[in-house]
Every structure is written in structure tokens, then in C-alpha cells.
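Next come the chains, spelled out residue by residue.
2 protein chains.
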Amino acid sequence: METLDRSYFESLDQVDPLAEFREQFDLPAGHIYLNGNSLGVLPKAAKEKAREVVEEQWGQGLIRSWNTYDWIHIPRRVGDKIAGLIGAEPGEVIVADSTSVNLFKLAAAAVKLNAGRSKILSEPGNFPTDLYILQGLESFMDGKVRLVTESRDCIMDAIDEETAVVVLTHVHYKSGAMFDMAAITARAHEKGALIIWDLSHSTGAVPVALNQVGADFAVGCGYKYLNGGPGAPGFLFAAKRHLAHLEQPLSGWFGHANPFAMRDDYEPAQGIERTLCGTTSVVGASLLEVGIDIMAAADMNLIREKSLRMGQLFMELIELRCGQFGFGIVSSKDPAVRGSQVSLTHEQGFAIMQALIARNIIGDFRAPNILRFGFTPLYVRYVDLWDCVDALVDIMTHDLWNKAEFKKLTAVT
Amino acid sequence: METLDRSYFESLDQVDPLAEFREQFDLPAGHIYLNGNSLGVLPKAAKEKAREVVEEQWGQGLIRSWNTYDWIHIPRRVGDKIAGLIGAEPGEVIVADSTSVNLFKLAAAAVKLNAGRSKILSEPGNFPTDLYILQGLESFMDGKVRLVTESRDCIMDAIDEETAVVVLTHVHYKSGAMFDMAAITARAHEKGALIIWDLSHSTGAVPVALNQVGADFAVGCGYKYLNGGPGAPGFLFAAKRHLAHLEQPLSGWFGHANPFAMRDDYEPAQGIERTLCGTTSVVGASLLEVGIDIMAAADMNLIREKSLRMGQLFMELIELRCGQFGFGIVSSKDPAVRGSQVSLTHEQGFAIMQALIARNIIGDFRAPNILRFGFTPLYVRYVDLWDCVDALVDIMTHDLWNKAEFKKLTAVT
Numbered sequence: 015m016e017t018l019d020r021s022y023f024e025s026l027d028q029v030d031p032l033a034e035f036r037e038q039f040d041l042p043a044g045h046i047y048l049n050g051n052s053l054g055v056l057p058k059a060a061k062e063k064a065r066e067v068v069e070e071q072w073g074q075g076l077i078r079s080w081n082t083y084d085w086i087h088i089p090r091r092v093g094d095k096i097a098g099l100i101g102a103e104p105g106e107v108i109v110a111d112s113t114s115v116n117l118f119k120l121a122a123a124a125v126k127l128n129a130g131r132s133k134i135l136s137e138p139g140n141f142p143t144d145l146y147i148l149q150g151l152e153s154f155m156d157g158k159v160r161l162v163t164e165s166r167d168c169i170m171d172a173i174d175e176e177t178a179v180v181v182l183t184h185v186h187y188k189s190g191a192m193f194d195m196a197a198i199t200a201r202a203h204e205k206g207a208l209i210i211w212d213l214s215h216s217t218g219a220v221p222v223a224l225n226q227v228g229a230d231f232a233v234g235c236g237y238k239y240l241n242g243g244p245g246a247p248g249f250l251f252a253a254k255r256h257l258a259h260l261e262q263p264l265s266g267w268f269g270h271a272n273p274f275a276m277r278d279d280y281e282p283a284q285g286i287e288r289t290l291c292g293t294t295s296v297v298g299a300s301l302l303e304v305g306i307d308i309m310a311a312a313d314m315n316l317i318r319e320k321s322l323r324m325g326q327l328f329m330e331l332i333e334l335r336c337g338q339f340g341f342g343i344v345s346s347k348d349p350a351v352r353g354s355q356v357s358l359t360h361e362q363g364f365a366i367m368q369a370l371i372a373r374n375i376i377g378d379f380r381a382p383n384i385l386r387f388g389f390t391p392l393y394v395r396y397v398d399l400w401d402c403v404d405a406l407v408d409i410m411t412h413d414l415w416n417k418a419e420f421k422k423l424t425a426v427t
Numbered sequence: 015m016e017t018l019d020r021s022y023f024e025s026l027d028q029v030d031p032l033a034e035f036r037e038q039f040d041l042p043a044g045h046i047y048l049n050g051n052s053l054g055v056l057p058k059a060a061k062e063k064a065r066e067v068v069e070e071q072w073g074q075g076l077i078r079s080w081n082t083y084d085w086i087h088i089p090r091r092v093g094d095k096i097a098g099l100i101g102a103e104p105g106e107v108i109v110a111d112s113t114s115v116n117l118f119k120l121a122a123a124a125v126k127l128n129a130g131r132s133k134i135l136s137e138p139g140n141f142p143t144d145l146y147i148l149q150g151l152e153s154f155m156d157g158k159v160r161l162v163t164e165s166r167d168c169i170m171d172a173i174d175e176e177t178a179v180v181v182l183t184h185v186h187y188k189s190g191a192m193f194d195m196a197a198i199t200a201r202a203h204e205k206g207a208l209i210i211w212d213l214s215h216s217t218g219a220v221p222v223a224l225n226q227v228g229a230d231f232a233v234g235c236g237y238k239y240l241n242g243g244p245g246a247p248g249f250l251f252a253a254k255r256h257l258a259h260l261e262q263p264l265s266g267w268f269g270h271a272n273p274f275a276m277r278d279d280y281e282p283a284q285g286i287e288r289t290l291c292g293t294t295s296v297v298g299a300s301l302l303e304v305g306i307d308i309m310a311a312a313d314m315n316l317i318r319e320k321s322l323r324m325g326q327l328f329m330e331l332i333e334l335r336c337g338q339f340g341f342g343i344v345s346s347k348d349p350a351v352r353g354s355q356v357s358l359t360h361e362q363g364f365a366i367m368q369a370l371i372a373r374n375i376i377g378d379f380r381a382p383n384i385l386r387f388g389f390t391p392l393y394v395r396y397v398d399l400w401d402c403v404d405a406l407v408d409i410m411t412h413d414l415w416n417k418a419e420f421k422k423l424t425a426v427t
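Residue numbers (the numbering used here), protein chains in the order written: chain A, 15 to 427; chain B, 15 to 427.
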């Protein structure tokens, strides 16, 4: 076995087939950024794109840009590019609104498609907005559907003939645990249920094959692994077989068959456009497109391979060098059930993460005791992992026992 | 009476107290832009703001910017600034999502607040997305509420004890006709109904005094008179007296009392934040803030005075110089019922507008025969009106009878 030292990690970078992608990102000098699972990094090309969209398209083109720059088709154009990242067809994905709003549309549509069934199934500890949106739908439908949550180990058995729709996040935001999308989708269909996958922590991070597994619906986030910028629009996927029957309540004018006919009666567009509501952020979707274009140029299998290797090496380093400091490793060592992050536990987790951030090594903390480290193979190097753990050792050896320093860091949220 | 010639219009500009605002906008050279009611003009400061938000806040600050640049409070901070433009209090307005999505939230909330009443009242020919969203709500609530539309002349009488909520657009997008907000709001309350005002064509264009008239709810658009940029986030207003009871179905994590506690159960925020859903576009809301800051520095009474005078002069010029060309004037000459635009009709309307646009005089066309001219006093000069009508006379005198030229223009949508 190789010696795990800094030069080993450097040697991995030297043969990394994805190494050249790092140049396309504008990482702040001297930073190690392990939080792309929360907010992705600025692509260099997005700077020029922002200038172009604001100064030329908006400033000079004004209203004409709806045609000349094809603003009108941005949701579909960028959606089609995302389709290629998640195993979907063009015409099955649209970029619009937020992940939360998109989930509401699809959950409401799924309940309507499966009318007569009363159960929406999810897991406790799912990403909060997913549960909150489903609770909103439940309350809004006055008891016609109810949200039931079952722990992930029991989720397969909890899918039954009462289940209208299963709503699960493919890769868990906190633990990084990954569901078997094929098995659960098959189970849902076996029981006559529909399924919505939240791909917020999957798209651009792990291979996703929505049509291969026969998924019905999905939503996802633009500002994490897709590097779309803060508050970038989200996206949604609806399998082609559902489009003709899909009715969603947020039936705004951009979802109309002919928005600019300005008629009084809603008539849904034929295709995925029927899931649109109001005007999509042109600036937001244009910046998102830059991130997606970079992602689309990379080989997802190479991304996955590097990301898993990084996760494995990170855990090995933690065990090797931080064994005595009381960290727990939440994430599985089995690559089949691990996304693109590794989560640790430590009772001093918040303060430890603050100490790392003070050294420009950026992961994040999730209450009560989780330290999250996200691996984004397009701009994180192997050597960054070494340096991160090296800093962690230093912090645990020196800073941790300096209570005053820790108290100060804890105070700076 | 003054002679209506070009020098008269120039003389009005010379004494215009709002003239200096034009310098703050980046109008394309040689353009007359009379379409700010559809997409506002780029403020010069928005160019630097886009650079700062993208390159510094996102690029350099990364995830830390949620705190250091206070991204977390953008929806409320920008909302508070809008409050000042529409006669609301801080804490009654939030910036988020699109106008359409916001209308869905409030219409659903209003129906719930007024449970037992079955009617949602609007007018035929209201801005399409308003009707479509209400139809979506109707269909989604399975007959518990029904959308009824009554023509604007009969709207007062149509408000009855069955009416849960009245949804009207204050200034009509097509005609520019303006409702008497105080009278209709009072009538709604007299009958126990709630009211939602769509302020898309009002905010930044005409004085609005939501609390003075006792309005319950409102929505509005960021990319028209507020100059927020294409697809800028919308906003919503909820009167303080309703906040504690307001339940809206799009209960995403940003509407939670404590979003980052990441709990499983939704608990709405105490204040207006409970109307938030997912992550707001940071770039979009930051650009919108630039437009609002300019608007907030202007005196709304001066804006209204200039806008009405422009409308009046424009109609006078049309009558004086275009009388023989077959134009109809849709907009009222009564300033009490006219917003900030003048709409004309002409059977060749589409081609005429194309001919104007070809000369960089930009209004817009709405089927079947409406030419819209929007007056945005912060960057449109009186002399622009003269030059616009002058071009119109030229087009009608020469181009109109050149059928080949017109055919060409008609083909270029």
C-alpha cells in the first residue's frame, strides 16, 4: 500500500484526467473549498456572461432580447442540457423557479395523477424544504392526502397500495448517504405509486439515469454541483409518458400553450413547458448555463471515480491521523451508497469547522454535530484533502485546547 | 395655448425636476424607449452591482457571503424598500419568486382565511397569468372555490357575500386603465371579501397607498417600472393584521421560523417571511435593489405629474398630427383612471410598431391591434414624445403605403 503523505496526493493530481477543469473556475487564492455541495464555485466564464447579459442583452437589447437572445427559450434550452446530465431526454427537463416551488408543482401533479390514493411517503430527516413543501400540500388539500415518513431502512416496505407518491432525496444532504434509485423506483411502480427524486445533491455529483430506472419525476438545485451561482433557478424533470396528463396548480402564463396570445383561458403547453409558471430569471438561468456547460464537457464516470476516491482517501486520512480526536465518520465506506461528500461528527464540530474556515479551508457544519466535506472533482485537488486533514490535525492538537480561542470562534457565526 | 412643436417639448425638459435621473440609466444611444412598462432600462449602477455580486460576493466570498453580505435577509431588505413605494410598512413586503408564484401563495391564503366562501372574483381580460393562476387554484381545490369574472364596469356590484377574494390588476396592462383602489377595497370589505391587488403596472409608476386604503394583499413585478432586469424576482405585500393567520401552501424552508435548525416540522416564521418558499435569486434581487434605490430617491408625486403630462401631450400630438391615419385612443383622458401608459389602436398596429422599432423607437404591440407606449419619467424626456410622434407621422405618410416594406416588417417578429 502507498504511503499516505503529501507527495502521494500530489502524484494523484499529476495523473488526474480532470485536473485541467480547475482552470475554468475562479477559486479565491489560498482557499480549499469543500463546500460545493452547498454553493458551487464561480466559473471564470460566468464573469463575462454576467457582463454580457446585463450590459448587452438587457442594457442594449432591452425588450428586443426576448427574441434576439432567445430569452423565451432559456428554461427549455438549459433544461435540455441538464437532461444530458441525469439520463433524461431533451424535452423532459425545464429550468425555472426554485427547487421547493418545483417540488410543489410535481407533488401536486403526482397526487392528481394518482387520485384516490392518500399517502405521500418520505423519510424523516429528508432535506427540510422537501418535508415542508409536502406538509404545505397536505394542509392545503384538507386531508385528502397525508404525509407519512418512514426511516430509510424501512422505506421499501412502507410503499404500499395507499401510496400516491414517494418523495426522496437521492443523496442525503447531511450524511451523504445514497438511495438505490433503481430498486426504490421499481418498488414504487410495483405498488402503483409514483416517485419524485430530489437530485439536489446528485446532479453533477453522481451518475443519474432517470429514464433507465424509469423514474417519474425529479427536481434539483442549480447552485450546488452545477455551479450556477447563489439562488440559481432550480429544475424539474417529468418523464415524457406523463407530460400529456400532467396538471400542475402553478399554471402561470409561461406554462400556456401560447403565452403571448394573452387569452383568458389557461391551456397547458403540450410539452414540459406546462410546468413553467412565471418569468424565469434570465440572469440567473444564463449564469447557470455556464456552469452546466462546463459540467457537460466532463466525463461523469471520471467525476464519480475521482469523487469516490477522494471520499475514501479522506476517510483513510481521518482514521490515520485524527484517530485520537474523537471524530465519528457518518458516511458509508461502501461507494454504492455514498454520494459526493463525507460527513464527520464531533461534539465540538461547530468550533472545529470555524477554525478550518479561519484557515480558508471551507466545509460546513450542520446541527447538532455534523461536519460536511464536499468533493467536487472539477476544482478540488487530491492535495487539498491532505492539506485539509493536516490543518485539522493542527487544530485538534493546538487550538482545540485553547479554550479562549475556541470560544471566540464559536461566537462568530 | 402653447404651440406644440419640438422646441416646446425641449423647454419642458429644461425645467423638468426629474431630468437629472436620466443620467443614472444606461439607455442605448439614439433610442427612445417607451416600453419600460414591459422591461425597464438598465441602471448604470447595476453594471457594477452585477460585477460585485458575481465576482466578489459569489466568487471570493463563496458560502460565507450568506453572512458577510447578508444574503439571508435580501428578500426582506429589498421588500422593505418596496414598502416605501407602495404605502406599506417595513415587514409587510417581501421579494421572492415570480409575480405568478406570489399570487398563488396569496390567493390560496386568502381563500383559506375566508373559508366557506366559494367565489374568487376577477375581470375578463385581466393580465393572463392572474387568471391562469386563479384557474390553477380553482382546479386544484376541486370545486371548493370557483373563479368568476365580471367586466370592470360591473365589478363593484359583483362583489357579494359569496366572494372570498377579489383579484384585480390596479393598472391594466393593455389599456392602461386604472381602478379606484380605495373604492373597490372598501366595497370588498363591506361585503366581507378580501382583496389582492396586482401592482405590476403600478409600482414605480403611480402613487399607491396600500395601507391607507386598507388593502389586504398585493403582488407586483420587479422588471417593469422598478428596473430590476429581465426575470427579476417579484414581490408580495400582506397587511400586518393578516400575518399571524396567513397560511400559504408553498411552505418551503425559507418560510420557516428557523430555517437552519433543519427540523422536520414546518413552523411558519412570525412575520412576512412566512410567505417565502425556496432560495431567492441573490443576483436577481441584488440587481432589483439597484433599481428600487433609484426609484426611492425620486418623488413619486413628481413622477406621477410628469407621467400624466406626458400621456396627455402624447394623446394631443396623436390627435393633432395623426388624426387622418386611423388611430384610436384606448386610454382615458381622465388622469384619475389612467396609469402610466397610453394605448392606441390601429388595424396595422403590428406593422406600425415594427416600423417604429426599426427606427429605435421602442413601444410594443399587443394582439389584436394595440400599440402600447409606456412613460417612465425617470429616463424618458418630453422631447422623446415629439420625436416618437414625428416618426409615426413619417411612417404613416410614407412607409404605410409602401406595402412591400410593410410586409417585410410584418414578417420580422
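Treat the hints loosely; a few may be bogus.
Claimed, not checked - Computed list of lysine-lysine pairs in BS3-like fashion (alpha-carbon distance at most 25 Å, straight line):
| hint | chain 1 | residue 1 | chain 2 | residue 2 |
| --- | --- | --- | --- | --- |
| 1 | B | K126 | B | K158 |
| 2 | B | K188 | B | K347 |
| 3 | B | K61 | B | K126 |
| 4 | A | K58 | B | K58 |
| 5 | B | K133 | B | K158 |
| 6 | A | K58 | B | K61 |
| 7 | A | K205 | A | K95 |
| 8 | A | K133 | B | K205 |
| 9 | A | K158 | A | K205 |
| 10 | B | K347 | B | K95 |
| 11 | A | K205 | A | K126 |
| 12 | A | K205 | A | K254 |
| 13 | B | K158 | B | K188 |
| 14 | B | K205 | B | K133 |
| 15 | A | K158 | B | K158 |
| 16 | B | K95 | B | K126 |
| 17 | B | K158 | A | K126 |
| 18 | A | K158 | A | K126 |
| 19 | A | K133 | A | K205 |
| 20 | B | K188 | A | K158 |
| 21 | B | K254 | B | K205 |
| 22 | A | K126 | B | K133 |
| 23 | A | K126 | A | K95 |
| 24 | B | K95 | B | K61 |
| 25 | A | K254 | A | K126 |
| 26 | A | K95 | A | K58 |
| 27 | B | K126 | B | K254 |
| 28 | A | K133 | A | K158 |
| 29 | B | K61 | A | K133 |
| 30 | A | K61 | A | K188 |
| 31 | A | K61 | B | K61 |
| 32 | A | K61 | B | K58 |
| 33 | A | K158 | B | K126 |
| 34 | A | K126 | B | K61 |
Hints in this document: simulated from the structure, not taken from any laboratory.
Cross-check of the supplied hints:
no., hint, result
1, K126/B <-> K158/B, "holds (11 Å)"
2, K188/B <-> K347/B, "holds (16 Å)"
3, K61/B <-> K126/B, "violated (43 Å)"
4, K58/A <-> K58/B, "holds (23 Å)"
5, K133/B <-> K158/B, "holds (9 Å)"
6, K58/A <-> K61/B, "holds (17 Å)"
7, K205/A <-> K95/A, "violated (32 Å)"
8, K133/A <-> K205/B, "violated (39 Å)"
9, K158/A <-> K205/A, "holds (19 Å)"
10, K347/B <-> K95/B, "violated (32 Å)"
11, K205/A <-> K126/A, "holds (17 Å)"
12, K205/A <-> K254/A, "holds (21 Å)"
13, K158/B <-> K188/B, "violated (31 Å)"
14, K205/B <-> K133/B, "holds (12 Å)"
15, K158/A <-> K158/B, "holds (13 Å)"
16, K95/B <-> K126/B, "violated (29 Å)"
17, K158/B <-> K126/A, "holds (16 Å)"
18, K158/A <-> K126/A, "holds (11 Å)"
19, K133/A <-> K205/A, "holds (12 Å)"
20, K188/B <-> K158/A, "violated (40 Å)"
21, K254/B <-> K205/B, "holds (21 Å)"
22, K126/A <-> K133/B, "holds (23 Å)"
23, K126/A <-> K95/A, "violated (29 Å)"
24, K95/B <-> K61/B, "holds (20 Å)"
25, K254/A <-> K126/A, "holds (17 Å)"
26, K95/A <-> K58/A, "holds (19 Å)"
27, K126/B <-> K254/B, "holds (17 Å)"
28, K133/A <-> K158/A, "holds (9 Å)"
29, K61/B <-> K133/A, "violated (49 Å)"
30, K61/A <-> K188/A, "violated (31 Å)"
31, K61/A <-> K61/B, "holds (12 Å)"
32, K61/A <-> K58/B, "holds (17 Å)"
33, K158/A <-> K126/B, "holds (16 Å)"
34, K126/A <-> K61/B, "violated (45 Å)"
In summary, the structure is inconsistent with hints 3, 7, 8, 10, 13, 16, 20, 23, 29, 30 and 34 from the numbered list given earlier, while agreeing with the others.
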